[in-house]
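From just these sequences and the hints, can you work out the full model?
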Amino acid sequence: MLPKWLRRTPLAWRQLLKEKTRLLVALAGIGFADMLIFVQLGLLDSLFDSATKSHQNLQADLVLINPQFQTLFYVKNFPRERLLQTLSYDGVASVRSLYVDTAQWRSPETLMNRGILVWGIDPANPAFDFPEVNPHLDQLKQLNQVLFDRASRPEYGPIADLLQAQGTITTQVNDQTVQTIGLFTLGASFGADGNIITSDSTFLKLFPQRQPHQINVGLIQLQPGIDRQTVQAELQAGLPNDVSVLTPEEFAQIEINYWESGGIGFIFGMGVVVGFIVGIVIVYQILYSDVSDHLPEYATLKAMGYSDRYLLTVLMQEALLLAALGFIPGFLLSVGLYQITYMATLLPIAMKLERALFVLLLTIIMCSVSGAIAMRKLQSADPADVF
1 MLPKWLRRTP
11 LAWRQLLKEK
21 TRLLVALAGI
31 GFADMLIFVQ
41 LGLLDSLFDS
51 ATKSHQNLQA
61 DLVLINPQFQ
71 TLFYVKNFPR
81 ERLLQTLSYD
91 GVASVRSLYV
101 DTAQWRSPET
111 LMNRGILVWG
121 IDPANPAFDF
131 PEVNPHLDQL
141 KQLNQVLFDR
151 ASRPEYGPIA
161 DLLQAQGTIT
171 TQVNDQTVQT
181 IGLFTLGASF
191 GADGNIITSD
201 STFLKLFPQR
211 QPHQINVGLI
221 QLQPGIDRQT
231 VQAELQAGLP
241 NDVSVLTPEE
251 FAQIEINYWE
261 SGGIGFIFGM
271 GVVVGFIVGI
281 VIVYQILYSD
291 VSDHLPEYAT
301 LKAMGYSDRY
311 LLTVLMQEAL
321 LLAALGFIPG
331 FLLSVGLYQI
341 TYMATLLPIA
351 MKLERALFVL
361 LLTIIMCSVS
371 GAIAMRKLQS
381 ADPADVF
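For the sequence shown, the residue numbers in the UniProt record's numbering are 1 to 387.
Any given hint could be a false lead.
Per label pair, the in silico range of CB-to-CB distance [stated by the list, open to error]:
hint	residue 1	residue 2	range
1	PHE266	ARG14	39 to 47 Å
2	GLN164	LYS20	54 to 62 Å
3	PHE266	LEU84	34 to 42 Å
4	ASP90	LEU111	50 to 58 Å
5	GLU354	PRO224	29 to 37 Å
6	ASN134	HIS213	21 to 29 Å
Calculated from the structure, these hints are not laboratory results. As the structure is a computational prediction, the values presented were derived from the model and not from experiment. All residues carry an ideal CB built from backbone N, CA and C; glycine is no exception.
Below is the structure:
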């Protein structure tokens, strides 16, 4: 025996199917609202994922930075001496330094300059865990040798194709001639359209105003079995206050906080709110029109003894059916838009299960709220209207 609420479902379903045009309009509206929410959430996730992808590839248990550090794209320096001081603490096995700055890359094809993020590493002790970088470490020890990020935007030129054809590429960075000798994969972000890796010596040559003893990021490797939080607390207490000691996760969170507070996160969040409100309005209009058109029928059901609760349950079932059916086209369209966006921007945007479930939940809430608002019209159905 089916539960009573399941036996009411066919009435809600038949109500929706009676006006097929209205049903299609409702599904299109809900799909559009879901698509808007999906796109905003997808772009927000891609913003954070792309901004912190480099952090995820650092070879470090702890990170040393300037306390005023906000983002990799506006770097703050601190004395290398602070990084070397950490070697005197129990549990610290080794340290690495990292330079970061933005330079002008001249495309070998168009000769146009474009900003690119430059990472300066010590080839004898690389800061990143990129398997593609390791075979080129000896070459990077020579001046003016760089590795190019194959996931950079195409405006930098067909670097991968030229490398395959020529072996090396001669171009200019900050008006200085460099040789591109290989590729690695990191990816574009909202702050940088491309990346190159070079040695610390070449980095300082590209940025002559930079001082060798002033670094941007210090990477600390701990001995096996050492408690990271204990060493972090000891370093923070013992080192001067011109540096902060963070875990890689905390370091990445600084980057996320920067983009959230910079307004971009707020804009994407507002897009989600707008999509949610649009969906509520669309579903409410559909349900309100449906109730208005069938008000005499609802009044007849009341006269036959059906309660307001029964009729309200039918209306809520209509709302939930609209939520389930409208989510499907919104989901499918969003998957396609994600692919188009990735091809156009190379940002890491893709559908995630948790995001799909979250938007489905929002859709159910959206339609339920609309049904709750439309109930006021249904409650006005009076059996006296039948006579």
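To see whether the hints hold, each was checked on the structure:
Between PHE266 and ARG14 the beta carbons are some 44 Å apart, a value that agrees with the proposed interval 39 to 47 Å. Range check, GLN164 to LYS20: Cβ separation about 56 Å, and the 54 to 62 Å hint holds. Between PHE266 and LEU84 the Cβ separation comes to about 41 Å, which falls inside the hinted range of 34 to 42 Å. With their beta carbons about 54 Å apart, ASP90 and LEU111 fall inside the hinted range of 50 to 58 Å.
Checked against the hint of 29 to 37 Å, the C-beta distance between GLU354 and PRO224 comes to roughly 33 Å, which is consistent with it. The hinted window of 21 to 29 Å between ASN134 and HIS213 holds, with their beta carbons roughly 27 Å apart.
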